[in-house]
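For this one, chain A is given, so just place chain B on it according to the hints.
This is what each chain is made of:
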Amino acid sequence: MSKPTGTKPLLTVDDLHVSFRTDDGSVRAVNGVSFDLYPGETLGIVGESGSGKSVTNLALLGLIPRPPGVIERGRALFGGQDLLKLNTRELSAIRGKRIAMIFQDPMTALNPFLSVAEQLTEVTRLHLKHSSEQARKHAIDMLERVGIPAAAERIDDFPHQFSGGMRQRVMIAMALACQPEILIADEPTTALDVTIQAQMLELIAELQKTHGTAVILVTHALGVIASVCHRVLVMYGGKIVEQAGVFELFAKPQHPYTLGLLKSIPRWDAVRQDQLAAIDGQPPDMLHPPTGCAFHPRCSFRLERCPQQEPPLEPAIHGGLKACFADLTKIASPTEQARAAGAHS
Amino acid sequence: MTTTATPEVGRRQQKLTDKPLLEVKDLKVYFPKRKGGWLFGERAWLRAVDGVSFTIREGETFGLVGESGCGKTTTARAVIQLQKPTSGEIWLGGEQIDHLTPRQMLPHRRHVQMIFQDPFASLNPRMTVGRIIQEPMEIFGLYGSNRKLEAMRLMDLVGLNPRFLNRYPHEFSGGQRQRIGIARALAVQPKLIVCDEPVSALDVSIQAQVINLLMDLQRQLGLAYLFISHDLSVVRHISHRIGVMYLGRIVELATADALHANPRHPYTQALLSAAPIPDPVLQRQRQRIILKGEVPSADRVYSGCPFVDRCPIAEQFCREKIPLLEGRRHLVACHKAPPEVE
Numbered sequence: 005m006s007k008p009t010g011t012k013p014l015l016t017v018d019d020l021h022v023s024f025r026t027d028d029g030s031v032r033a034v035n036g037v038s039f040d041l042y043p044g045e046t047l048g049i050v051g052e053s054g055s056g057k058s059v060t061n062l063a064l065l066g067l068i069p070r071p072p073g074v075i076e077r078g079r080a081l082f083g084g085q086d087l088l089k090l091n092t093r094e095l096s097a098i099r100g101k102r103i104a105m106i107f108q109d110p111m112t113a114l115n116p117f118l119s120v121a122e123q124l125t126e127v128t129r130l131h132l133k134h135s136s137e138q139a140r141k142h143a144i145d146m147l148e149r150v151g152i153p154a155a156a157e158r159i160d161d162f163p164h165q166f167s168g169g170m171r172q173r174v175m176i177a178m179a180l181a182c183q184p185e186i187l188i189a190d191e192p193t194t195a196l197d198v199t200i201q202a203q204m205l206e207l208i209a210e211l212q213k214t215h216g217t218a219v220i221l222v223t224h225a226l227g228v229i230a231s232v233c234h235r236v237l238v239m240y241g242g243k244i245v246e247q248a249g250v251f252e253l254f255a256k257p258q259h260p261y262t263l264g265l266l267k268s269i270p271r272w273d274a275v276r277q278d279q280l281a282a283i284d285g286q287p288p289d290m291l292h293p294p295t296g297c298a299f300h301p302r303c304s305f306r307l308e309r310c311p312q313q314e315p316p317l318e319p320a321i322h323g324g325l326k327a328c329f330a331d332l333t334k335i336a337s338p339t340e341q342a343r344a345a346g347a348h349s
Numbered sequence: 262m263t264t265t266a267t268p269e270v271g272r273r274q275q276k277l278t279d280k281p282l283l284e285v286k287d288l289k290v291y292f293p294k295r296k297g298g299w300l301f302g303e304r305a306w307l308r309a310v311d312g313v314s315f316t317i318r319e320g321e322t323f324g325l326v327g328e329s330g331c332g333k334t335t336t337a338r339a340v341i342q343l344q345k346p347t348s349g350e351i352w353l354g355g356e357q358i359d360h361l362t363p364r365q366m367l368p369h370r371r372h373v374q375m376i377f378q379d380p381f382a383s384l385n386p387r388m389t390v391g392r393i394i395q396e397p398m399e400i401f402g403l404y405g406s407n408r409k410l411e412a413m414r415l416m417d418l419v420g421l422n423p424r425f426l427n428r429y430p431h432e433f434s435g436g437q438r439q440r441i442g443i444a445r446a447l448a449v450q451p452k453l454i455v456c457d458e459p460v461s462a463l464d465v466s467i468q469a470q471v472i473n474l475l476m477d478l479q480r481q482l483g484l485a486y487l488f489i490s491h492d493l494s495v496v497r498h499i500s501h502r503i504g505v506m507y508l509g510r511i512v513e514l515a516t517a518d519a520l521h522a523n524p525r526h527p528y529t530q531a532l533l534s535a536a537p538i539p540d541p542v543l544q545r546q547r548q549r550i551i552l553k554g555e556v557p558s559a560d561r562v563y564s565g566c567p568f569v570d571r572c573p574i575a576e577q578f579c580r581e582k583i584p585l586l587e588g589r590r591h592l593v594a595c596h597k598a599p600p601e602v603e
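Just so you know, the sequences run in chain order A and B. Going left to right, the first sequence walks through residues 5 to 349 as our numbering numbers them. Going left to right, the second sequence walks through residues 262 to 603 as our numbering numbers them.
Quick caveat, the hints were computed from the structure, so don't treat them as lab data. It cannot be assumed that every hint is accurate.
Here are the simulated DSSO-like cross-link-like pairs (lysine-lysine), alpha carbons at most 30 Å apart as the crow flies [stated by the list, open to error]:
#, chain 1, residue 1, chain 2, residue 2
1, A, Lys141, B, Lys553
2, B, Lys289, B, Lys452
3, B, Lys409, B, Lys345
4, B, Lys409, B, Lys597
5, B, Lys280, B, Lys452
6, A, Lys213, B, Lys289
The following block holds chain B by itself, in its conformation from the complex:
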C-alpha cells in the first residue's frame, strides 16, 4: 500500500487482516402479520430483513445506515442471536451460529457483545458499576479473583474514574453511562461489538467523545464493530466500509471513501442531500433531492425495485425486475446506477 499523507486515507492504513470474522449470508427476518383484520384478514409477512449479505473482517468497522424501519436494528439483533432468522446463514469465526441452541451459543456469545442506544435503559439501576462490569466475567468464568481489579482497569480504559466502582448508574451523566456500557461489553474480551445507535441519544458535545473512545479502543484492542446509525456523517467517520439499507435490503455497499466520493444509488444520494450540513452558506446553496412520500410498509411484495415509487430516476423497466446488489468493490442494487469507477 502506498503511503499518502492526507487524513482521509491515514486511518485506513491500519492493518486489516483478510480473515472474515463475521459473515452474514442472505439473511431474512420476517415477522407474521395479518392484513385487514385479525380473523378474516389474509396472512402476510413483514419483511424486516430481506436478503442481506455482508462480511466484517477482524479489526474492521462496518457501518449500516438507513432510516427507521429499514431493518438495520433487526439485522443487528439477528447477528447477536436476539432474533431468530427466518432464513440465511450467520458465520462467526468460521463457525455457523444461526441454528445453535442457547446453550450451544454461549461460548460464541463471548466473542460478540453489544452496546445499546439508550444509556439510561440498558444498565440495571440497582447494580453498582463494578457489579455491572463484573457480571459478564462471572458468566464466562473469567479473571477469577481478579475481577474487581479488571473492572477497575476497564473503567480506566474507557475514561471513567475507577474510584467510582461502587456508584450506581443514576449518578452518572448520559455520556458516562455509555462508557459504562462499553466497559461492560469489553469485559469478556469480544472480537466484535455490535453498536446500535450508540451516540444518537447523547448530547452533541458528548457524541464526539464516545466516537473517539470507540476508535481508540479499536486501535488498541483490534476490535471489529458493526456500527448502526441513521447519521451518515457519523457512520462515514467511524466506518471502513458502509452498507446503505432500504426496506430490508442493502442497496449500496462500498468503502466509506468510495461511498463519500461517489454515491451510486439514488436513495443514498437522496439521503445525503436531505441531511442538513452545519454551514448556512453551503446549506442554502444546495440542490436538494426531496423524495416523494414516505418509506412504504415492509409487508408489500415487490416484483421490481422496492424504491421505485420514490425514486427520482425510475423508469418503467425498474418495476419489472428486482435489482441485485452487484459490482466488484462498490456494490449497488439499481438498474440505472452509473458504471463503477475504478
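Same shape as in the complex, but just chain A:
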C-alpha cells in the first residue's frame, strides 16, 4: 500500500520551513517538508539526530519554543484549519483531543508531583467535559485497555511507582483518552527494552485498529519501521529525501542514504558480514550545511552536479518519491539480498 486511494488526507503538510536563531547564526532545521497523512495509516519518519524529524512534529503542535524557533514558511492543513496559524487557545482545543503525542522518555513527560489519576482525568475533563466521576471511570478503563494490571488500584499511584514500560503505557493511555484522529509518537520505544518495545508496538497497532487513529511514528530504528508502518518518509538534513510504501522502500531503496542505512545495520537473522558497510563521514552540521545535496559529502553515488545543485523530490520507480540525481534503479536491495542469502523469520 503506497498511498490509500480514494480517501482524502487527514493532514497535509506543505513546504514547512523551521529555523532556530542561535548566536552563531540561523540553523535551518526543517527545510521544505511536505507530506500527507491519511486516516488509519501509520506513517514512519526515519532519520538521524538533527535530520528535522522531531522538529517537524513539534511544529505541527505549536511546541517549537519561539524564540529561538521561527516557522519561516509553510502550512499544515488539518480539518480546514492551518495548524501553524492557530493561537494558543485554538491549539489547546486540538492538542490532546484531536492530535495527541507520545514522547520518548515517559519519566520527563509525566508530572512527578501528580498522581496518574490526576494526569489522566485532566485530559478528559478538559476536552470531553467529563465530570470527575466519569473521568475517573474512563481513566481506569483506558489503563485497563493498555494492559496495566489492577488499574483501579494503581490509578492513584505516582509516576515513579511505575516501571519504564508501565509509564509508557500510562502515556499511551493519556494520549488515546480522547480518541484522537492523529497520534504522533516520537521515538516511543527507544528508551524501552526490546521485550517491552514489542509489547508497546503491538499495543499501538491494536488501539489504532479499534479507533482508526492515524499514527506518525518517528524513529531511527529501521526494525521498528519494518514492523508497523505503512508508508515511510526518510529525512536527511532537514528534508525528505525519500518517500515510499514500507515494502517498496525496503525492496527498492532509491536514495543512497536509505540504501546506506539498510546496508550498515548488523542483522541477527542474516548471514554475518565480515565488515559492516558503514556510511562514511559525519552527519551534516546544520549551521553550515553542505551546498547542493546535503548528503553529497558522504555519498558513494555522487555526480558532478551534486555539490552545486539540489535534487528535487521526484517520482521514483517504487511508486514513491526520491530526491537524488543518481540512478539507483539497478542497485540490488540489501534487504532482498539478505533474504536470498537465507535470512529468515
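This is chain B only, laid out in the frame that chain A set:
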C-alpha cells in the same frame, strides 16, 4: 582448524591464544536496600550480579547482552574496579585483583581501560583532545617527551585528523567523540577494553563506523573486549563468545555462531524474537514470543528458576530448584533446555 570460505567463519579464524586474560569467578554484587519503609522496613539486598563467571582470552571479544537491570553494567564496573564485589574473584593476567587497594590496583589499571556509552558526558569539556589523550600517559609515566606525538599517532589510528589536537570535545560530532574516547583508552596500551554500550547513543549511520573501528583495532593490536550491549545483532557481529544475562545471572553462554544457530534458553529465544528485524516481509511473518510482564525486581530471593514467572515453557519443578549454568561448550541455565548439539 579447517579453512572454510564462508564469511560466517572467516573472522573467527584469527588466532586466539588459550591464555585467559580475565577470569571472573562467581561474582556477586549486592546493594543494600530497605523494603517497606526506611525505619521499620526489613533489610533486603538488591542482587544486581548474582554469581557470574566467565573468562576472556587475549584478543577475544566477549559480549554480554541483556535488558536494563540485568546486571551487565554492574559486572563491567566490577571488572574495572569501579564497584567493589560482594563476593567472588576477579583475576587479570594470572593475578587476583578484586581485593587490591587503589594504590595496589594502579599498575593493573593500565591493562584494563573503558569506553563509555555517552560520548558527550565522558569527555572533560574543558580539556583539548590532545590533553584528554595524553592524561592517561602522564598518570602511568609513558612516552616521556613523545606524548604529543603519540597522541597524534593515536588520533590518526582511530580516524581523527591529528591537526585537531587542540580542539575541544564540543567541536566534534557524537561519532568523533566516541573515537576520542577510544584513543584515550588506547593511550596506555591496554590488553582489555571494557565497552559499555559504546554505540547505542550514536546515529545508525555512525554505529557501523565505530564497530568497524573497534574490530580493526582488535586485529591490529590484539586487544580483548568485554562488550556490553542490549542489541543482540551488534553483539553477535562483534563478539567471539556471548553471555546472555537475566536478573544478575548468565543464563546462556556460547560462541556467537552457536548462539545464533541454536539459542537454547527460552529467554534468549524471546529476546531474539522480540528484536524487530529490518525487513517488513520477514518481520510481518514472524511468530513472536511475547513475554508476560516485566523483569521482576532484583531484591526477590528465588528458590527456583528466576525466569519462571515469565517463561513460556515453565513447569512446576522449575520453581523448586535453581538451574545451574551447565554444558560442555554451549552452556545454559534451564531445566528444560534441549540437549547440547555437538
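Hint by hint, here is what the structure shows:
1. A/Lys141 - B/Lys553: 26 Å, holds
2. B/Lys289 - B/Lys452: Holds, at roughly 24 Å.
3. B/Lys409 - B/Lys345: 35 Å, violated
4. B/Lys409 - B/Lys597: 58 Å, violated
5. B/Lys280 - B/Lys452: 12 Å, holds
6. A/Lys213 - B/Lys289: Measuring from Cα to Cα gives roughly 47 Å; hence the hint is violated.
The earlier numbered hints that this structure contradicts are 3, 4, 6.
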